[in-house]
Amino acid sequence: MEFLKSQMDYIFFIYGMSFFILASSSLLLIRDQKVKLPWFWLGLFGFTHALNEWLDIFSISVGDNPVFGMLRLTVILLSFVFLAEFSWLSFLALKGRPLSQWFFIPWLLLVYSGWYFGKDSGLNFTCRYFLGFVSSFSAGIILYLHALKLKNPQRRLIATLGLFIGAYSFTQLIISSPPALLNNTLLNQDNFIRFFGFPVQLLRAALIMCAAFTILTYWYLSQGLLNSSGLGKKERRRVLLIGSAYLILAISGCLITQKIGAYFRQSNVDELSAKANTVSAAVNFRRVETLTASAADIGTPDYERLKEQLKAINEANVDLTYVYLMRFDNGRIVFLADSEPDSSANSSTPGQVYEEASPELKAKFLSRRTFIVDAYTDRWGSWISAFAPVVDLRNNKIVALIGMDMDVNIWQQKMFLHRLLGILISFCMFILFFVFFVISRINRASNERIAVSQKHLQTLIDNIPSPVFYKNTQGAYLGCNFAFAQFFGLDKKAVIGKNQFDLNPPGIAEINYKIDMKLFSLPNGGTKIYESEILDAQGIKHIMLLNKSTYPGPDGKIAGLVGVMQDITERKNREIRLLALNRAVEQSPAVVVITDKDGNITYVNPKFVQLTGYGYQEAIGKNPRILRSEEQPREFYKNLWDTILAGGQWRGEFHNKRKDGSLYWESASISPVKDSKGVITNFIAVKEDITERKRILEELKQKNTALEKLDQLKSDFVSMVSHELRTPLSITKEGISLVLDGVTGSINPKQGKILTTSKNNIDRLARIINSLLDISKIESGRVELKKKNVDFRGLIKNVFAAFENKAKEKGLELRINLPKEQGPDLYIDEDRIIQVFTNLIGNAIKFTERGHIDVSLAQKDEEVEFTISDTGIGIAAEDLPKVFNKFLQFGRAAGAGEKGTGLGLSIAKGLIELHRGRIWVESGPGKGTKFIFTLPKYHEGQKAREYIEDAIEEANKANTHLTSVIATLAYSDKIKSISEELMREMEKIIRSKLYRSKDLVLQYPKEFFILMRDCGKNSGVMVQERIEQALRIYFENNNLANEMKLNFGLAVYPDEAINYHGLVNKARGV
Amino acid sequence: MSKAKLLIIDDESDLVEMLSLRLEANDYQVISASDGQDGLDKARSELPDLIILDVMLPKIDGYKVCRMLKFDEKYKQIPVILFTARTQASDIKLGADVGADAYITKPFEPDILLDKVAQLLKK
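Those protein sequence lines, which keep their order, are chains A and B. Residue 197 in numbering that gives the first Met the number 0 sits at position 198 of the first sequence; the count goes up by one each step and never skips. Residue 122 in numbering that gives the first Met the number 0 sits at position 123 of the second sequence; the count goes up by one each step and never skips.
Just so you know, the hints here were simulated from the structure itself, not pulled from any lab data. This one's a predicted model, so the numbers in the text were calculated from it and none came from an experiment. Please note that the accuracy of each hint is not assured.
Label pairs and their calculated CB-CB ranges [unchecked claim]:
#: 1; chain 1: B; residue 1: Glu-108; chain 2: A; residue 2: Lys-929; range: 52 to 60 angstroms
#: 2; chain 1: B; residue 1: Ser-89; chain 2: A; residue 2: Glu-652; range: 33 to 41 angstroms
#: 3; chain 1: A; residue 1: Ala-705; chain 2: B; residue 2: Lys-58; range: 46 to 54 angstroms
#: 4; chain 1: B; residue 1: Lys-58; chain 2: A; residue 2: Glu-630; range: 43 to 51 angstroms
#: 5; chain 1: A; residue 1: Arg-766; chain 2: B; residue 2: Lys-58; range: 31 to 39 angstroms
#: 6; chain 1: A; residue 1: Asn-1058; chain 2: B; residue 2: Ser-89; range: 15 to 23 angstroms
#: 7; chain 1: A; residue 1: Asn-759; chain 2: B; residue 2: Asp-26; range: 22 to 30 angstroms
#: 8; chain 1: B; residue 1: Asp-26; chain 2: A; residue 2: Asp-790; range: 37 to 45 angstroms
#: 9; chain 1: A; residue 1: Gln-631; chain 2: B; residue 2: Ser-89; range: 38 to 46 angstroms
#: 10; chain 1: B; residue 1: Glu-108; chain 2: A; residue 2: Gly-810; range: 49 to 57 angstroms
#: 11; chain 1: A; residue 1: Glu-652; chain 2: B; residue 2: Pro-57; range: 45 to 53 angstroms
Which bits of chain B does chain A cover? Going by a derived footprint, with three or more residues having C-beta under 8 angstroms, they are [said to hold, decoys possible]:
#: 12; region: 8-20
#: 13; region: 30-42
#: 14; region: 105-114
Some chain A residues flagged as far from chain B (calculated, every beta-carbon gap over 12 angstroms) [as the list claims (entries may be wrong)]:
#: 15; residue: Phe-136
#: 16; residue: Asn-276
#: 17; residue: Thr-680
#: 18; residue: Asn-769
#: 19; residue: Thr-870
C-beta: ideal position from N, C-alpha, C; glycine also.
For reference, chain A alone in the conformation it holds in the complex (with noise of 0.2 angstroms):
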């Protein structure tokens, strides 16, 4: 306890400190964002308590005086008026509502009572009693019930800290002069240190400490710097450091100024022990010996001479209380003199025993030694005393011991402002320590926060899809994002320290570089955008649009520079597209207009300018109804309408009207323009003029309509004719014959050779007749073949039963060569076919003198070829060409037997191209002549064929549109053949999309004919579509879609084409 209180000016010193760290601990949670506290004003509390305790130190080492105290007590006041504002606005913080004020008022009043009842004791009590008890009281409670509002697991301790706080207010009861009542309690400071052993203060500085470690933890766990295993290694190790540190602190500290104290407690003893020898050896001795010891010295002049040196001597140090001399008499110690005067109370008189003298003085009496007795009381007081011994020269004996009294009060007041120095050296060391840690962890949270926003900052950039990077003023890249790097194809790592050389080809680094000096040369940085060409890691160039900005560094001047990249290669090509695009459409021979989705005219193309004669501002905004001239019906337009708005293409004619109010035809296919969510925003319509065209149509079919009108003339003029021609004939051949056969009488013989002649004649001109109308009517077209199934065999049979007697009579072999399979049927007209190679044969028979004359045929896959070659006289080469023209013959040194008519081949061949067949001849002088033609074979597709003129016959009677739509099957060549099967499946499908019982499929070899009667373009391509789309899922549900492919074409009668073989064509895409 002794030691305690000898350590009390450390003890306030620790205390003090404990408040400081309190303080400071505070001030780090003033950013706490869950206990929104007003750590602020306990911060202030600690700071200012924690003076309040220092400048104790000060009134324990320096001494109190009542300005001092005044100080003191007005620190301490603010102390707790600043912990008071704390409690009031966390009870602010926790009820919502601020607590009134009227709770403070009469404990202000309390507080300075105090004043008046015992001046600064009584302002010490109130003020720690009313003041600083309840707010530090209130302030833990109303900690611990904000804890129990709070739901992070931290609450804890802020309920903890609230606990520490209360149990300190506790502690603010136990004060140094407490009023009388409390006196004989513990609440007073003496009467705990007697109980306890220990100061109050260590327990209030062991409180404050543990509230400040409370604090510290919170503060480490909401930082996350603790995590549920509780510290990280990092941390711990970082605790432990600074808590041993601390620890070494204060024991060094309170080492330190123990050491100190003691060597000046050393060097005081000393001094007094040195001042009692000199004060000895001043003392005249022999006076000394004169002293009997008894009342009876008083008023001798020794005795007086004595005193007054005594008193003087007191006198002259100041921290002396008492001088006085004593003898060891008898066992007993008196007093010989003292410095008090006779009349003081104190004074001792000469005799007096000294009572309280201890055995241990009594020994130390005699050990002829100067000595300290330190720290006793008797009746004068407590003391620390030197005595020395004044010594007879003579001798040597003891005559007297001189004493010199030393209040304890001063004494420690010396011992402890000596101490003063070595508290100070620990609290500078303390200041030291503390700046040093304050340094390091702002330090650490700059670093932490450096890294902590680089970290974001990397983050940042590198969720930036385009390549970032940043580098400094050398030009060295300092960082990048992964864009940037994966652009380069290099880490991220490596591209640190890299400059622009490094990673671009010189032509490019050098004007990259260019830029990047220019920026860093500007006084205050700045920014540049501008294009450039940057090859990438696989060497393809990038257009990029580059933005570098300088940055400053911490001192203000320009550190660097950072830099995006922007990818518009795709934009730029995008623009050069649209620029062709646009270029397209302004140069396009075509009109081109844009509207709005209520039809309003946003854009033409300057052909619309060209031809309808408005200005490009004059169309803009306006209707093109303005075009309109009154010719078509308002259902025309009506049309238009509904087929765009439902989203559809719509193709047709207009009639229109300029500007200056002529008319002129254009085609137009008119089509929505949608947005993503499929909404209309516009419509194009893209227009041809077709005025001319239409002109030339109309001409055509003029023209058309007279030929026809023409061409039946000629049918009826050649019928007219063959009926003129051949009535006479008649009359005269049958006159003849009437005369030849006897009817009128007999007639010699060479009446009947002239008559025969005359009638031979007759027949032969009958059969130029015939040729003649023969191969007119085949040139004009006007040939009806009667086709039907034929069966080849019979026909060749025939053929042959009817010339094998002539061939004899010339002695020729006629030769057949059949072959032996079955063959398909021929869709002939027999009897044209039959007098085809009655022409042949019979050329054959007449141009071969010797030999024989075959007939032979040979089945291919679309036809059958027939050959009729003989063993005559042959065709000299430059004849070939000529052979099937009209009344050439050839070789006519052939005698007997019919003349012929010289147009016999020309019809043969007219013919057979009307069968679809081919016919031409091989021959050479001497090498006898071949005759090679073919018939196509029988299959359904002539029927169809009838089928298209018969339809084509009816829309130009009713005068509607008739549409064909040809469906060519494409296959690759992993298909052999279609089966038979899946033609008909795919003529269902094309069936079930027609939805007019009008309307036809017809199947050919790998094609479908579909003809639509009454049907125009618009319709027809709409069902050429469905049907187009039923076909491919069709396809591809049976995995055909890559083997095969239907192709469509489309052709309308009569705008397209005007017969069957013209829509045929036109369909086929031929």
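Could you slot chain B onto chain A? The hints should help.
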């Protein structure tokens, strides 16, 4: 057996003359008319056993005459041979449509004509 009565309706008088000579030489009785109307009248009044009918006739053409006769109950049993220079398929078809029993083209082979006549008369 009485001779069969043949009616020739043709506007070519020369031809009619030749034809008549031929037919009479073959033991037929021949009457003639030179236009459609006359032909019809004679057909109805004379009731021949066979009619040889030219197509190109004035007043009423041969097809019409044929049709009128053939669609008339009283005269439809009289066989009609159409006699013409027209050989188009359509003409022949037309002939069939109007009910002609035979069709002969000019110029004709006398044998063929005689055969046809005999054939038709036999029925």
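Hint check results:
Here the CB-CB span from Glu-108 (chain B) to Lys-929 (chain A) is close to 35 angstroms, at odds with the stated 52 to 60 angstroms. For the pair Ser-89 (chain B) and Glu-652 (chain A), the supplied restraint of 33 to 41 angstroms holds, since their beta-carbon distance comes to about 38 angstroms. A C-beta distance of roughly 32 angstroms is found between Ala-705 (chain A) and Lys-58 (chain B), which places it outside the suggested range of 46 to 54 angstroms. Hint check: Lys-58 (chain B) to Glu-630 (chain A), Cβ distance near 50 angstroms, so the stated range 43 to 51 angstroms holds.
Arg-766 (chain A) and Lys-58 (chain B) have their C-beta atoms about 33 angstroms apart, which keeps the hinted 31 to 39 angstroms range intact. The hint said 15 to 23 angstroms for the Cβ distance between Asn-1058 (chain A) and Ser-89 (chain B), and at roughly 19 angstroms that hint holds. Look at Asn-759 (chain A) against Asp-26 (chain B): about 28 angstroms separates their beta carbons, and that is inside 22 to 30 angstroms. For the hinted restraint 37 to 45 angstroms between Asp-26 (chain B) and Asp-790 (chain A), the CB-CB distance of approximately 43 angstroms keeps it satisfied.
Range check, Gln-631 (chain A) to Ser-89 (chain B): Cβ separation about 42 angstroms, and the 38 to 46 angstroms hint holds. For the pair Glu-108 (chain B) and Gly-810 (chain A), the supplied restraint of 49 to 57 angstroms is violated, since their beta-carbon distance comes to about 29 angstroms. For Glu-652 (chain A) paired with Pro-57 (chain B), a C-beta distance near 51 angstroms keeps the hint of 45 to 53 angstroms intact. Counting residues of the region 8-20 of chain B whose beta-carbon sits less than 8 angstroms from any beta-carbon of chain A gives 6, enough to reach three: the coverage restraint holds.
Counting residues of the region 30-42 of chain B whose C-beta sits closer than 8 angstroms to any C-beta of chain A gives 0, which falls short of three, so the coverage hint is violated. Coverage of the region 105-114 of chain B by chain A holds in this model, with 4 residues showing a Cβ closer than 8 angstroms to a Cβ of that chain against a need of three. The beta carbon of Phe-136 (chain A) is kept farther than 12 angstroms from every beta carbon of chain B, the shortest such distance being approximately 132 angstroms. Distance to chain B confirms Asn-276 (chain A) as a non-interface residue, since its nearest Cβ pair spans about 175 angstroms, more than 12 angstroms.
Under the 12 angstroms C-beta cut-off, the non-interface status given to Thr-680 (chain A) relative to chain B holds; the minimum distance is some 61 angstroms. Not every beta carbon of chain B lies more than 12 angstroms from that of Asn-769 (chain A), the smallest distance being close to 9 angstroms; the non-interface claim is violated. Against the 12 angstroms criterion, Thr-870 (chain A) stays outside the reach of chain B, whose nearest CB is about 34 angstroms from its own CB.
The structure is inconsistent with the numbered hints 1, 3, 10, 13, 18, although it conforms to all the rest.
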